[in-house]
Amino acid sequence: MLSFALKRLLTTIPVLWIAITACFFILRLAPGGPFDGERPLPEAVKRNLEAHYNLDKSLIEQYFIYLGNLLQGDLGPSFINQDFSVSEQLLIGLPYTLIVGGLAFALSIIVGVLAGIAGSLYRNRLPDVALGAFILAGLVIPNFLVAPILQLVFGLQLKWLPVGGWGEGAVTHLVLPVTVLALPHVARISRLTRGAMIEVMHSNYIRTARSKGLSDMRLLMRHAIKPALTPVVSYLGPAASYLLTGSLVVETIFGLPGIGRYFINAALNRDYGMVLGTVVFYMLLIIVLNLIVDIVYAWLDPRVRH
Amino acid sequence: MLLIHGTNRVAILNTAVVASQNAPVLDISNLHVRFQSADGLVHAVKGVDVQLHQGECLGVVGESGSGKSQTFLAAMGLLAKNGVATGSAMLHGHDLLTVPKHELNTLRGNRIAMIFQDPLTSLTPHLRIGEQMSEVLRVHQGFDSAKAKKTSADWLQRVRIPEAARRLSQYPHELSGGMRQRVMIAMCMLCQPDVLIADEPTTALDVTIQAEILDLMDELRREHKTAIALITHDMGVVARMCDRVQVMRYGEYVEAGVSEQIFYRPEHDYTRMLLEAVPSIPVFDAELNEVASDANVAHSGRRALDANAPVMLQVQDLKVEFAVPGGWFSAPRKLAAVNGISFALSEGETLGVVGESGSGKSTLARAILQLVPASHGTVSWLGSSLGQMDKLHMTGLRRDLQIVFQDPLASLNPSMSIGDSIMEPLRVHEPDLALSERTGRVALMMHRVGLDPTLINRYPHELSGGQNQRVGIARAMILKPKLLICDEAVSALDVSIQAQIIDLIKSLQEEFKLSLIFISHDLSVVYEVAHRIMVMYLGSLVEMAPAVSLFARPQHPYTRQLVSAVPVADPVKERSRQRIRLIGELTSPMDPTARLRFLPSRLQAGEAHHVPAIDECFEGHFVAEHDALESLLMAPSRALL
Chain G
2 MLSFALKRLL TTIPVLWIAI TACFFILRLA PGGPFDGERP LPEAVKRNLE
52 AHYNLDKSLI EQYFIYLGNL LQGDLGPSFI NQDFSVSEQL LIGLPYTLIV
102 GGLAFALSII VGVLAGIAGS LYRNRLPDVA LGAFILAGLV IPNFLVAPIL
152 QLVFGLQLKW LPVGGWGEGA VTHLVLPVTV LALPHVARIS RLTRGAMIEV
202 MHSNYIRTAR SKGLSDMRLL MRHAIKPALT PVVSYLGPAA SYLLTGSLVV
252 ETIFGLPGIG RYFINAALNR DYGMVLGTVV FYMLLIIVLN LIVDIVYAWL
302 DPRVRH
Chain W
1122 MLLIHGTNRV AILNTAVVAS QNAPVLDISN LHVRFQSADG LVHAVKGVDV
1172 QLHQGECLGV VGESGSGKSQ TFLAAMGLLA KNGVATGSAM LHGHDLLTVP
1222 KHELNTLRGN RIAMIFQDPL TSLTPHLRIG EQMSEVLRVH QGFDSAKAKK
1272 TSADWLQRVR IPEAARRLSQ YPHELSGGMR QRVMIAMCML CQPDVLIADE
1322 PTTALDVTIQ AEILDLMDEL RREHKTAIAL ITHDMGVVAR MCDRVQVMRY
1372 GEYVEAGVSE QIFYRPEHDY TRMLLEAVPS IPVFDAELNE VASDANVAHS
1422 GRRALDANAP VMLQVQDLKV EFAVPGGWFS APRKLAAVNG ISFALSEGET
1472 LGVVGESGSG KSTLARAILQ LVPASHGTVS WLGSSLGQMD KLHMTGLRRD
1522 LQIVFQDPLA SLNPSMSIGD SIMEPLRVHE PDLALSERTG RVALMMHRVG
1572 LDPTLINRYP HELSGGQNQR VGIARAMILK PKLLICDEAV SALDVSIQAQ
1622 IIDLIKSLQE EFKLSLIFIS HDLSVVYEVA HRIMVMYLGS LVEMAPAVSL
1672 FARPQHPYTR QLVSAVPVAD PVKERSRQRI RLIGELTSPM DPTARLRFLP
1722 SRLQAGEAHH VPAIDECFEG HFVAEHDALE SLLMAPSRAL L
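Quick mapping for you: the protein sequence lines, in order, are chains G and W.
Counting in the working numbering, the first sequence runs from 2 upward without gaps.
Counting in the working numbering, the second sequence runs from 1122 upward without gaps.
None of these hints come from the bench; they were simulated from the model.
By construction, the Cβ of each residue, glycine as well, lies at the ideal position given by its N, Cα and C atoms.
Misleading hints may appear alongside valid ones.
[Stated by the list, open to error] Mimicking EDC-like on lysine to aspartate or glutamate, the simulated pairs with C-alpha atoms at most 16 Å apart in a straight line are:
1. W:K1270 to W:E1284
2. W:K1603 to W:E1631
3. W:K1455 to W:E1442
4. W:K1202 to G:D217
5. W:K1202 to G:D302
6. G:K227 to G:D302
7. G:K227 to W:E1252
8. W:K1271 to W:E1284
9. W:K1222 to G:D217
10. W:K1346 to W:D1336
11. W:K1634 to W:E1468
12. W:K1603 to W:E1632
[As the list claims (entries may be wrong)] Derived, one-sided and incomplete: chain W residues facing chain G with beta-carbon distance under 10 Å:
13. V1257
14. V1260
15. H1294
For reference, chain W alone in the conformation it holds in the complex:
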């Protein structure tokens, strides 16, 4: 189940130098992309050059709207209908921009292939995996259906999809996101293309699955000498994967060079800004794990916590169960989305909650705010239990308990101006306030969160993602709450905007002595803001510790694997880090023995209903009972390509 996979890939950095002496396989020069839009001509890409050599991985970095995707969509002939590309994109002596369509169709999918960001929507929903894969081989290689099927199954096996033959007859919706992205990669590799373009291939995936996918791509590159263009906004991913980096902004390159140069000696201000904005987890030497004294793991670099701060929120053995409807002959079953979580939160403290999708983070937030009913346990706010409170009392209390959601645009009412949205809590909780006072308060709050008060009559669709998230924060803060829950509040934002929003939340916390629960799948972001971090796995707490302690001496195998999978924006450190790998996908939360995944000894002893105990291993550092990592390791049988 678990195995240690150490990779020392510093040597790979040098292969780029060798590779670049050959002629490039893909040579894009002076590429311009223009879109005809209602607002006139938009010049999205302004004269970009890309030389991609055999076997190298080029990182193309930039924030949304920088034109990094459009550059490669243009080369693939996939621009939207209103887009026009000029310049040239040479592949095997063909200019991809000007060849007739039937000729382009013999190249794409065959010599050049592309992986897209969202694996959930990128496969045709009504065609079986096998049909979608083998049509590539039939079209490009003229394979008959038996041969195409066999090759497809081979490739599914190579991208480590278990039971490959059975998968061929499954539909995309029957596979998880990570699996679908592997199918996508296998499909791209069927004809062994010279160039593989990967457009944010892991952005929508959990960090451990991201690590798997990146390793896979890296192996393909070494094994098949495929040139990879990796389009991403994640500097950690770039540090792990890329030999060379090109940084883009407003449709142009601001800087290009080999990885070490970009990371250690950036020349352009924008590159420096990008690198500084990237939140990063601390990397500790393995020895520190043993010697880390409590002094080392104090809240270095973050605002100290007042030791005498009163406890605001107390959560005791909280469980949230959902009924999963049964079939004709099976009784409904229970799914424990939150399975016995306890913690306390003091005034001015930030608790980070991390876990992969399906770990129950968001359900925990909703249960704390009584937005979903808890099936067991208590949530106490300032000593009084919220579960027993009548509706009227609860409504009054809601002014103290606020939440900011992930998708800023979707969580604002599109038919209300942002001023109305921010003002609405005031109407409910302070109905006596005169209109002028309300407007004054809204303007003040808008100013405080960095929104120009003249935007007060604008609608959400007229604002950017970052501005809308400021609206969400202003709406939550207008009543001066005492608890703010941020549920993936910065996950949808570009890194520079993300950094600004994090700064804003921190400064609001200081000003209002807010207690914060900061939920994210991104460990680096959580490390940036949290005093303490809780790690969740399938609804259960696996580890909770002061932020630095968690990264300096992670105890639980799951935490160790999670921490080791986070890419660090430093090529040398990143490539020499030891990775702990968990093979396979999450166990189903429906499985009653899921919480014993890290305690197989109990399972073997027949104690299927054992609840792992929580121990305090260092001061304030709690960890769930688990078997030793070494005993969890199986023979390192990872099949290499």
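Extracted from the complex, chain G is given alone in its bound form:
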């Protein structure tokens, strides 16, 4: 198990390196730089700034300096927000992003799995069909459309929930962003669970379990659910990354002070350090999440442990 996890970690190193390299150069390909504004800076000031951030060196030199710093755990300075380094800004935004993202993740799994099981048990009957319609809606309507609709209905018309803002983390402030973030994943997870459950319930070993005289409840809890969860678990890795990228948009729409907002601002301002830092951080997060998913997978299915 340990060697399995270790192997997985090692294989992610080249992936990480390729992604950083690609990101670094693509960012530089885009026209403009961090110090170009509507009002150009005086030449001398600009040159000083560029020297400070090593921007006057060749691109390759800059690349190796960045990699060198990164290896020492230094994400470098922010080019725009000089008062904080990239790591500091990320740490400020992180709790908000983790709370919203984590809640959405948990909600997606719980609601998705339950809805999927219900759908499989009531296959092609009313609950299944209703769920199917809801799920289709969740899948096809993009979150930047769902969010304003919910804001309109629950915020402005019914006045049940605040339209945005963090509000000291009050639950009412969390409901809408978490729901919007979770919706497509609830949909997808419930589809996956439903399909897997239907397949498992037709398998030979469920027939064996029935022939042993087990009650339906025992059949479901002990014999059916675990194998039906394997496709769901393998979706959780990608789901985590969708959630992170989705949080960029959702945080902006709901005005939450998470990492997403920094990222979007940084991209607009060509804040090279901040954009790269966020990308590296997200990648690390996703790699760790995928590792956890693989371990859970091995726990669910003894056959992959070898």
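Based on the hints, put chain W in the right spot on chain G.
Using the frame of chain G, we list chain W on its own:
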């Protein structure tokens, strides 16, 4: 390791008569099963009666789709959701078809239990063996976990699973197919049910393991007076096990009676047809082993071989090794799937290759056709070595070398019509042919293999298994090859279809002077078609002989054990045959000393790398060096129940 186990069970035939005087434990009457399907109502079982008495074994025989499984699935309440059963199935005064589910659940697994065909998929993969077994005892007997564990371990021991206590904490995938089927039987027997339903319990298993499982079931029946309903298509298994037989077709019984009557005086044409279609190995008296003259072992009953026929294929010391990846600290190891095989094949000759799963039969076929690279040795076709041939030459030669695979449906491209599949080799090898000529050739070949040419635009899923295998044969034959390899080509088919396909292959051989390599795990089928038979064990040749000679005077302990394990469709002969038994499972092919399994004297002498020599003991009858059977026998310590 080896011991002789002689069973004389003719006397058992009479117990049925005694048993039937009591009331039946399971009484199914006028059972109908109907399925609601897209094509309308399917009437799968049409008014069937089954009376099962204490301690008897009833054989329910029929081909696929005859409703034999559905009858008993209905009694167990295991029909698919779209199935409805009417009639009655009485067990201890309860009608299994109408009792409420919670009551049914107190009966099944407890008083009536069922073993299924495929042991690989019938156990829950993520639960330990111990968990799966003890939950039966907890649910039905209210045992606590310690007591349930102890009883489970006891039963694993009784079905002769070594290291029973350790097995309890293993997962199903850690056990072999034979082991899993034993676990399944132990699980069914935990509550000592009155009725045990076994649905093709040994069909997926090798013949020696089948023999073990059948013996086990027979012992349980005698020891615990369990009534057994054995659902099977194998008349040999029926002959060995059953007191009474019911023959089913299209959801109805065509004939029922005691075994001797069904086997020796069948009344219905279908029963007769079934019995005739069953391929069977010849049974020789033990004395013949000594006196068998060469005249006796000539190719009796089969097409004589032209002694002057040219040699087509020559295989010399062929080895195929696969690298098995090592771990962090261990180097990759080599697995010899084929370990030094040599033989020659003449024009018009059929070589049968038999061996159990993992013996390297299929790898041998693939290596001959250069579909996997050989790591050592040569394959020569008409004198030129295939291994050294460049790719272009090889492609040209492939028209002479064709293969038919086991699973007819899976080996045809589902998105191509069968006409396209049959035609494809023509496109490659005769690209100049006009479309009309090609279509003409396809139609001709379809007609030749017994397919209606109007099916030309159908897709594989629209055809039956037998029809699809004819497509596979037509595809292989369209280029008029000189060598045809049949890799388990009839194993997935019903006996009557199997007999038709074998006849087809034989007649094609005669017409085209084909050289045939016929690979099968089924010795009876191979005996039916082959001039010579090669027996393989873990990649090595253990014995090769003319077909009759192999069965009349098998020399190698492994062959003798294999031959003695094949059930013969004749109750009296079958029950009086002496069985040579090999206890335990196959040794791992990774073990470098595996090939010395039958030569322990060399192993003890420290010659771990000795390669058993091949001797010619009779004319054309070759056998690998082995210790005498008698010296291989250990004390007969088989624990009876």
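Quick rundown of the hints versus the structure:
Straight-line distance between C-alpha atoms of K1270 (chain W) and E1284 (chain W) comes to about 14 Å, which keeps the hinted pair within the 16 Å bound. For the hint pairing K1603 (chain W) with E1631 (chain W), the CA-to-CA distance comes to about 12 Å; that is within 16 Å, so the pair holds. Restraint check for K1455 (chain W) and E1442 (chain W): satisfied, since their Cα atoms lie roughly 6 Å apart, inside the 16 Å limit. For the hint linking K1202 (chain W) to D217 (chain G), the alpha-carbon distance of about 15 Å falls within 16 Å, and the restraint holds.
Restraint check for K1202 (chain W) and D302 (chain G): not satisfied, since their Cα atoms lie roughly 28 Å apart, outside the 16 Å limit. Pair hint K227 (chain G) plus D302 (chain G) holds up; C-alpha atoms about 8 Å apart against a cutoff of 16 Å. Between K227 (chain G) and E1252 (chain W), the direct Cα distance comes to roughly 15 Å. Compliance with the 16 Å bound is thereby established for this hinted pair. Distance hint between K1271 (chain W) and E1284 (chain W) is fulfilled; the C-alpha atoms sit about 13 Å from each other, no more than 16 Å.
Using a Cα cut-off of 16 Å, the hinted pair K1222 (chain W) and D217 (chain G) holds, with the two alpha carbons roughly 9 Å apart. Note on K1346 (chain W) and D1336 (chain W): the hinted pairing holds, with a Cα-Cα distance of about 15 Å set against a maximum of 16 Å. The suggested pairing of K1634 (chain W) with E1468 (chain W) holds, with an alpha-carbon distance near 6 Å, which does not exceed 16 Å. With a C-alpha separation of about 11 Å, the suggested pairing of K1603 (chain W) with E1632 (chain W) holds against the 16 Å cut-off.
With a cut of 10 Å, the hint placing V1257 (chain W) at the interface with chain G holds, because the nearest CB-to-CB distance is about 5 Å. At its closest, the beta carbon of V1260 (chain W) sits 6 Å from a beta carbon of chain G; the interface hint therefore holds under the 10 Å criterion. For H1294 (chain W), the interface hint holds, since its Cβ comes within 10 Å of a Cβ in chain G; the closest pair sits about 5 Å apart.
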